Every structure is written in C-alpha cells, then in structure tokens.
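Which chain is which? The protein sequence lines are A and B, in order. Using our numbering, read the first sequence as starting at 1 and increasing by one per residue. Using our numbering, read the second sequence as starting at 1 and increasing by one per residue.
No lab work stands behind these hints: they were computed from the structure. Remember, it's a predicted structure, so these values are computed and weren't measured experimentally. Beta carbons are placed, not taken as given, at the ideal position from N, Cα and C, and that holds for glycine.
Partial list, computed: chain A residues near chain B (C-beta under 10 Å):
| id | residue |
| --- | --- |
| 1 | R101 |
| 2 | H155 |
| 3 | A170 |
| 4 | G208 |
| 5 | S222 |
| 6 | G229 |
| 7 | G230 |
| 8 | H237 |
| 9 | S510 |
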Amino acid sequence: MAHGPAKGFTRWLYTTNHKDIGSMYLWFSFAMFLLGGVFALVIRAELFEPGLQIVEPELFNQMTTMHGLVMVFGAVMPAFVGLANWMIPMMIGAPDMALPRMNNWSFWILPFAFAMMTSTLFMEGGAPNFGWTFYAPLSTTYAPPSVTFFIFAVHIMGASSIMGAINIIATIMNMRAPGMTYMKMPLFVWTWFITAYLLIAVMPVLAGVVTMMLFDIHFGTSFFDAAGGGDPVLFQHVFWFFGHPEVYIMILPAFGIVSAIIPTFARKPLFGYSSMVYATASIAFLSFVVWAHHMFTVGMPLAGELAFMYMTMLIAVPTGVKVFNWVTTMFKGSMTFETPMLFSVAFVILFTIGGFSGLMLAIAPADFQYHDTYFVVAHFHYVLVPGAIFSITAGVYYWLPKWCGNMYNETMGKTHFWTAFIGLNLTFFPMHFAGLSGMPRRIPDYNMMFADWNMISSVGAFLFGAAQILFLFNVIATIRGGKKATDEVWENPEGLEWTVPSPAPYHTFSKPPQVS
Amino acid sequence: MSSNQDNAVEHEEYYVPEQSKLPIFASIGLFLTVWGAANWLNGDANGPMYFFAGSLMFAFVLWNWFSIVISENIQGLNSPQLKKSYVIGMAWFIFSEVMFFAAFFGALFYVRSLAGPWLAGEGEQGLGNDLIWPGYEHEWPVMTTPDMAANGDSATMRGPEQNMSNPGLANWLGWLPFWNTAILLTSSVTCHIAHGALKKDNRSQFNLWLGLTVLLGIAFIILQIEEYVHAYNEMGLTLESGIYGATFFLLTGFHGAHVTLGTFMLLVMLLRSVLKGHFKSDDHFGFESASWYWHFVDVVWVGLFLYVYVFG
Numbered sequence: 001m002a003h004g005p006a007k008g009f010t011r012w013l014y015t016t017n018h019k020d021i022g023s024m025y026l027w028f029s030f031a032m033f034l035l036g037g038v039f040a041l042v043i044r045a046e047l048f049e050p051g052l053q054i055v056e057p058e059l060f061n062q063m064t065t066m067h068g069l070v071m072v073f074g075a076v077m078p079a080f081v082g083l084a085n086w087m088i089p090m091m092i093g094a095p096d097m098a099l100p101r102m103n104n105w106s107f108w109i110l111p112f113a114f115a116m117m118t119s120t121l122f123m124e125g126g127a128p129n130f131g132w133t134f135y136a137p138l139s140t141t142y143a144p145p146s147v148t149f150f151i152f153a154v155h156i157m158g159a160s161s162i163m164g165a166i167n168i169i170a171t172i173m174n175m176r177a178p179g180m181t182y183m184k185m186p187l188f189v190w191t192w193f194i195t196a197y198l199l200i201a202v203m204p205v206l207a208g209v210v211t212m213m214l215f216d217i218h219f220g221t222s223f224f225d226a227a228g229g230g231d232p233v234l235f236q237h238v239f240w241f242f243g244h245p246e247v248y249i250m251i252l253p254a255f256g257i258v259s260a261i262i263p264t265f266a267r268k269p270l271f272g273y274s275s276m277v278y279a280t281a282s283i284a285f286l287s288f289v290v291w292a293h294h295m296f297t298v299g300m301p302l303a304g305e306l307a308f309m310y311m312t313m314l315i316a317v318p319t320g321v322k323v324f325n326w327v328t329t330m331f332k333g334s335m336t337f338e339t340p341m342l343f344s345v346a347f348v349i350l351f352t353i354g355g356f357s358g359l360m361l362a363i364a365p366a367d368f369q370y371h372d373t374y375f376v377v378a379h380f381h382y383v384l385v386p387g388a389i390f391s392i393t394a395g396v397y398y399w400l401p402k403w404c405g406n407m408y409n410e411t412m413g414k415t416h417f418w419t420a421f422i423g424l425n426l427t428f429f430p431m432h433f434a435g436l437s438g439m440p441r442r443i444p445d446y447n448m449m450f451a452d453w454n455m456i457s458s459v460g461a462f463l464f465g466a467a468q469i470l471f472l473f474n475v476i477a478t479i480r481g482g483k484k485a486t487d488e489v490w491e492n493p494e495g496l497e498w499t500v501p502s503p504a505p506y507h508t509f510s511k512p513p514q515v516s
Numbered sequence: 001m002s003s004n005q006d007n008a009v010e011h012e013e014y015y016v017p018e019q020s021k022l023p024i025f026a027s028i029g030l031f032l033t034v035w036g037a038a039n040w041l042n043g044d045a046n047g048p049m050y051f052f053a054g055s056l057m058f059a060f061v062l063w064n065w066f067s068i069v070i071s072e073n074i075q076g077l078n079s080p081q082l083k084k085s086y087v088i089g090m091a092w093f094i095f096s097e098v099m100f101f102a103a104f105f106g107a108l109f110y111v112r113s114l115a116g117p118w119l120a121g122e123g124e125q126g127l128g129n130d131l132i133w134p135g136y137e138h139e140w141p142v143m144t145t146p147d148m149a150a151n152g153d154s155a156t157m158r159g160p161e162q163n164m165s166n167p168g169l170a171n172w173l174g175w176l177p178f179w180n181t182a183i184l185l186t187s188s189v190t191c192h193i194a195h196g197a198l199k200k201d202n203r204s205q206f207n208l209w210l211g212l213t214v215l216l217g218i219a220f221i222i223l224q225i226e227e228y229v230h231a232y233n234e235m236g237l238t239l240e241s242g243i244y245g246a247t248f249f250l251l252t253g254f255h256g257a258h259v260t261l262g263t264f265m266l267l268v269m270l271l272r273s274v275l276k277g278h279f280k281s282d283d284h285f286g287f288e289s290a291s292w293y294w295h296f297v298d299v300v301w302v303g304l305f306l307y308v309y310v311f312g
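Same shape as in the complex, but just chain A:
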C-alpha cells in the first residue's frame, strides 16, 4: 500500500483508490455540467425573443428534457459523490472507501449510462422530449422509441447510485478512526451519511417506476393507462416519491460543504453542530411525506392537499435552523472573503431566496396560480444553481489546494464568482416575474409581454456559461502549477484532512489517527 499510483491510462480504468475515483467523478460531472449547460444555452438562445428562431419545438422539448436529466443525474449527483470519495475517508481517518472495487464500478457505469442517454439525440424520432420528470402518458403512449434507451440508462445509473451510497454508508459506519464518534464527524460526513440513506431508499423506487413504463410500452400492461384501469396520476405519485427525496439528495451534501467552509473563514467554530445534525435528519425524514406538493393541481382530495401543504411547510423549520446557524457562525467572526467563502455566503443568501419561493409554492391554493409557470423554474434553479452548484464550486476551491498541492489564482477565482453570481441572478431572478405574470414552462415561443424578462434571462445565462469556462481554466492552471499550498492551506481549518500533507499522499491514513 505504500506506493503511488500505477502508470498509464489503465491507472484510471483499474483503480481502487478513492482519490482517483473521486477525481474521475468530478471530471465526469464537470463534462456533464458543460453538456447540460450547452442544452440550456440552446433553450435560452431560442427564448431570447418571442417567435421561433433557432430550433424547432420538437428539438426544444428534447433540450429541456436532456438539460434536466443531464444536470440532475450527470452533473450534480456525481459531483457530490466525487467530493464524498475524496473527502470522507480523509475526514474520518480511513485508509480508503470500505468497498474499493465496487467504488470504481459505481463510477464506470456512469460514462456508459450517459453515452447511452446522449446517443438518443441521434436516434430516429429524437431524444426523450417529455421533460425530465417524464410524466406518463407523454413518456409512454406518446414517447419516441428512444425512451427505451432512456429507461435502461436510468436503470444502470440507479444501480451506480445505490452502490455508491452503500459504499458511503459502509465507510462511515465501519471505517471511522478510533475516537471519531458519530457526533464528532464533520457535517459533510453527516450530511452524506443521511443522503446515502435517501439514495438507497428512493433510487429503487425510480427503478420501479421506469420498469412500469417499460412494461406499459413494450408488454401491454396498463399501469398508467386509464383505459385498462390504471392511472397516469399513479406515475406522478411514484415518480415524486422518488423525486422529492431526490431534491434533498442534491442539497444535503451542499449543506455539509458550506458548514465546513463558513467556520474556516469566519474563524469561529460552527454554531449549533448538533442542531445541524438533527435538522438534516428531520429534513430527510420529512422529504418522504411531502411528495404530492408537486401535484397540487392534479386533482387530489382536499384532505390530501392540506396534509401535503402542512408537511411541506414544516420543512422550513429545520431549514431555518440551518440558515440561522450559518448566519450565527458568521456573526462577529473575523471574516475574510476568499473564493470558497464568497460562494458559501452567496449560497446562504440565494439558497434562502429559493427556500422562500419554495414556501410560496407550498401553499396549495397559491400553487394553482404558480403551477407549471416560470416561477417554478425560478424557484428550483435558485435552490439548485446557487445551492447545489455553488456549494460544489465552493468545495472545489476549498479543497483543491489539498488535492493538488497548489493554490488557485484568487483573482481569477473571484472573477469567476462575481461573473457567475451576476449571471445567475440575471438569468433566474426575472423568471420569478415572468412566471408570476403567467409564462408557462417548457414552451419555445411566448407572448410578447414576456419579452423583456426573457431577453435579460438569456443574457444572464450566457454570462453564467462563460463564467464556467473561467472555472475550468483556473482549475487546470492550479493543477499544473501555482503557489505551493501549505498542509493547513487555510488559517486553522478544522478537520483531519488538513493534518495530511498537500497534495494529499496517494494513500492517507493507512494507520488510523487517534481522534481526541
């Protein structure tokens, strides 16, 4: 175990090392982020002005679908798994992940799954065009033939997610260094622990729902066909039973990342550690009983609407605890604003905006107005872009010096931040207004009255896209050289990962450290 990585490209194919696998996850996720970003820019280019200019409506639908699928399953989820791979063993003092070969398998399924998913763009009848939520019967009776490939791609990426999650749970339960009790674990480890549980609980349900689709399409069953006694609404229930916990799968690890970064740059310990743990667990629990708030307008009994409305609003309580704790951690701290901190502070503010618009949507009677408008698009992009994406970016800047031993270029990092910050607000803030005044989602053309908001959004989107090129450039430059990072990298950061050299040796903690 003492030696370094193997030579040649087979190092990456055959590796069992959590750092190698973490890097592959992160690079894969960034590639998917750019691909999904290109799809988004096609959408924004078409929506720059009213009328049909660039793409046919059919291709537009494929773009909205593929953008969502690639970003959710290809960019955000693998990025968090990549960070988990890199950081969890180092944070708990483990020599590697608990099941290293399965770890590599979890990763290598993904490129195949997404090759299959992306290849549908070139198939007869085009790529999936029914939205990333693939509601039946759009995704069954009226779907293009490529839906079969989509279904199997979802199956194998689900297998990848489940194996990855099992690995993370086994690592956290079994590989903690002596003295690293559960309530001493860094919050990133805690949030991932709970996320992994969510993944194992809901990815099989996703597999179940696509299996029902497969049988409806190819074997004559009528799960989602009312003529046979099934119900298209059944699809929505099963899908959102997966889909809502999925939303938290994409945000809980983000909570962990900013909970690591904010104390470092506020130079104060995290306020309310144990309440953070309990809040995370409460959010995870509640995520299983709120799914129908995505379907208020589908025709549920009033009792159902009310129950799901109140449960959903309850989530604001643990989320509020978290935001309170982050703000209190910063309160009277000796704050500095290096790039990771900028992204984290922006996370707290903008994620809270996304949370508030979520509360608005949670109100069932109001949701009848907002449903399927750009207000919903604005809401979930505010939680996903400055939420998930910003936290991942913050995490990369925060830990990159530990990974490659060099400091990133701070000026370029800050430029990246401000470009992205302005770009995303320009893109998504106007969508609130367009949505409130009635602009529907997933349409390639729109009424003249929405023209101004859409033009601003499109400009912002291209700015945001350009910012990511800067990010790529900065990361590559940092890997290739730059000022040497110290072992601690930052000023008195907390955590075992800062006790090992920078760059972190290929194998860390072959003997576990003693945690006091």
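Assemble the complex: chain A is given as a structure, and chain B must be docked to it using the hints.
Then chain B, alone, in the frame of chain A:
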C-alpha cells in the same frame, strides 16, 4: 501484514485491493446487456446478440469477482473490520430491494384503494365518473376494465376472464398459492436450521438442510411457472389484462425472479460447501448473506400472499 505487529493491538490492516480489472469489465458487460435489451425491444435484429454477449460477459466477471473475494478471505486478508463492511453492504442492499418492491406494492394500493374508487364516483373526485367513464363500477380485482365498461366488446383493454384471488378458506387445499406459501415458509425454516448446523460445525446436517432449502426453492419456482401457464392458457389472465394483470404479474414476477436468484445463490453455497468444503462455523458470511436474501424474499411473499391473493 507482519510489519504492523506493534500496531495490531488497536488496529488491524484494512485490506485495500490493488488495481482491479473487474469493475470496468463489469460496466462494459452491464452496458452491452442493457444496450442489447433496448435494441431488442425496439425491434433491432442485432439486439439479442448484444444482449447475450453482454450478459455472458457480465456473468463471467461476477464469477471472477466472487471467486477473488472468496480466495482473499481464505488467504486471511479480511480483517474483522473488512468483514463488517460486507455485512453492512449486504444489509443495505436488501433494504434497497425492499424499496423496489415498495414501488409496486404502492402502485397496487393506490390503484386499488384510491384511483379505482374515484373513477367509479366515490368521494369528492367522483365527477370523473359521469365525465370520463359513465356507469363504470370499480371492483377489485378489476374484471371489467374502463375500456370494456365504455366500449363493450370493441374494447382493446380486456379484463381478466378469471382472477387469482382467494377461493375461500374451504378450498385452500386445492389452491396453488397456499401451497407456495407453505413451501416458502418451510424453506425459511430449513434455511435457518442449516445455519444453526453450520454454527455447530455439523457439516453433513448443514448440507442436508441447505439442499432441502434449494429443493423447496425449485419446487416453488416450478409451481409458480405452472400458475403462470394456467393463467395464460386457461384463465385468460395476462399482462394485457388491464391493471389487475399488470400488478399481479409484475409483483409475482419480480418476486419469482428474486426467488430464482435466491435459489441460485443458495445452490452456489451448497456447491461451495459440498465440493470445496468452504465455510467455517465462525466465518461464513457468504452463506449468511444468501440466507438473509432468502428470508427477505420469504417476507415479500407473505406480503404478496396477503395483498395479491388472500385479500386480492
């Protein structure tokens, strides 16, 4: 291993395998399998070829993977801590399987208790009855699909001509699901007895009871096939029989697939014991995980028996 003797008291070496070719080839095998399956379903003539090539490759990789893991354990590379990782892994894998079945049970409950009655006019959603399916009456099992209710003989969504539901307690002795329940419950007991024998290091008893478990598993599968043949040929109950056929065949079918896999796992364990003398009284997680899996499919069956058959 020996260089770490001084440290061994508080820490044993956790075995991290060197590079492994297994994962990438497993991924290629899995990809070819699903790529072939999708092409096959979409009517591409090359689909079956990719599918079978991929499945073969995948099976070959799994064979190697398991044999490597077994030989590592025999070589003594697996510390108690590493063994615990496998235990945790299997436990959570079974939990994921539970959630897979939960999706289908959820679909059954939803259609049966909510969507169907609403369509027939119950509750505040009852408007649908007049507007969508005038005169539709819900019953479970759905013998008359809405399509039949609305279009009569010209309906394309046929209901099942007969269903698999409880024929009444007096007739249980001639009712196949009852016997399947008896077989599967018995097999869980025999599997448990085999486990007890292994813990007492009684090899011949272990082989005997495990062999019996495998036979009961095979008997269950045969009866299940018989039930399907009967359903298709004599009862007019098929996958196309509306929502009842869909839930019936997917729930029992996925369960049957899991029983088949579980029987295969137990058979492999039996062969390992008989041919190779594997397993020790205090080190037999390979067998134990297969037995966990077996008890899990048994529990799923109890749920099926109750909600698909008895109260079906």
